[in-house]
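Taking the hints into account, I'd like the entire structure generated from these sequences.
Add 3 to the 1-based position in the sequence shown for the working numbering, that's all there is to it.
Hints were generated in silico from the structure; no laboratory data involved.
Incorrect hints may have been included.
Claimed, not checked - Restraint-style ranges between C-beta atoms, simulated for each label pair:
hint, residue 1, residue 2, range
1, ALA105, GLU45, 36 to 42 Å
2, ASP137, CYS110, 25 to 31 Å
3, VAL135, GLY90, 27 to 33 Å
4, ALA105, SER41, 32 to 38 Å
5, ASP59, TRP176, 17 to 23 Å
6, SER98, GLU75, 27 to 33 Å
7, GLY51, LEU96, 24 to 30 Å
8, LEU96, ARG46, 40 to 46 Å
9, SER41, VAL135, 27 to 33 Å
Glycine residues also receive a C-beta, built at the ideal position from the N, C-alpha and C atoms.
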Amino acid sequence: MSVQVVFETHSWSEDNDRGVATGWNPGALSAKGRALASELGERRRNDGIAAVYTSDLRRATETVEIAFRGSEIPILHDWRLRECNYGTSNGMLASELHRTKADHLECPYPDGESWSAAIERVGWFLRDLALVRDGQRVLVVGHVATSWGLQHFLEGRPLAELVAAGFDWRLGWEYQLRPESSLGEAETNPVP
Numbered sequence: 004m005s006v007q008v009v010f011e012t013h014s015w016s017e018d019n020d021r022g023v024a025t026g027w028n029p030g031a032l033s034a035k036g037r038a039l040a041s042e043l044g045e046r047r048r049n050d051g052i053a054a055v056y057t058s059d060l061r062r063a064t065e066t067v068e069i070a071f072r073g074s075e076i077p078i079l080h081d082w083r084l085r086e087c088n089y090g091t092s093n094g095m096l097a098s099e100l101h102r103t104k105a106d107h108l109e110c111p112y113p114d115g116e117s118w119s120a121a122i123e124r125v126g127w128f129l130r131d132l133a134l135v136r137d138g139q140r141v142l143v144v145g146h147v148a149t150s151w152g153l154q155h156f157l158e159g160r161p162l163a164e165l166v167a168a169g170f171d172w173r174l175g176w177e178y179q180l181r182p183e184s185s186l187g188e189a190e191t192n193p194v195p
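Here you go:
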């Protein structure tokens with residue numbers, strides 16, 4: 004068996020409008036983002052989703068609250084799906100932050116974390132997800148770090164390659180989390 008993992012990014016935020024890298028700051032959705040969140044709900048409500056797992060950062064939780072308002076589908080918040088913590092760089096211009104991404108593959112941002120650490124959190128989440136959602140289809144709503152973690156662990160893509168390629172947004176990604184997926188030696192922290 005396996006878990007079908009559907010990934011969607013949080014909707015468009017006010018910080019996206021301003022060109023700001025939100026990181027671990029909460030971030031709020033813009034008017035455009037709220038409309039896109041409604042469209043996400045239209046696409047995914049009747050898509051066979053057993054549960055929605057979301058980052059606990061405001062822009063992600065707001066996305067799923069709008070998308071699944073009034074739905075019976077359970078929504079579960081998980082801090083391991085957060086964006087990379089840019090530390091003192093949370094809230095800086097995205098164009099400035101992106102110039103130094105490769106410098107932080109293993110080396111943490113000042114008072115933050117490395118991309119590798121952020122990706123490892125996603126691995127912890129996936130190990131636990133495999134234990135509790137086998138045979139089900141779930142939606143994961145997160146950030147760039149979440150996306151890169153899924154691609155790294157479920158497609159075997161090296162983190163350095165993902166960082167070098169950058170992030171291309173689209174309407175959803177689909178993955179299979181199989182028992183043989185290489186999730187490393189991540190600790191387990193139970194997922195409801």
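Now for the hints, and whether the structure bears them out:
1. ALA105 <-> GLU45: 36 to 42 Å: This hint holds: roughly 38 Å between Cβ atoms.
2. ASP137 <-> CYS110: 25 to 31 Å: violated, 37 Å
3. VAL135 <-> GLY90: 27 to 33 Å: Check passed, 32 Å falls within 27 to 33 Å.
4. ALA105 <-> SER41: 32 to 38 Å: Distance hint for ALA105, SER41 holds at roughly 36 Å.
5. ASP59 <-> TRP176: 17 to 23 Å: At 21 Å between Cβs, range holds.
6. SER98 <-> GLU75: 27 to 33 Å: Between SER98 and GLU75, where Cβ atoms are some 42 Å apart, the hint is violated.
7. GLY51 <-> LEU96: 24 to 30 Å: violated, 40 Å
8. LEU96 <-> ARG46: 40 to 46 Å: 31 Å Cβ-Cβ, so the 40 to 46 Å window is violated.
9. SER41 <-> VAL135: 27 to 33 Å: Holds, at about 29 Å.
Hints 2, 6, 7 and 8, counting from the list given before, are not met by this structure.
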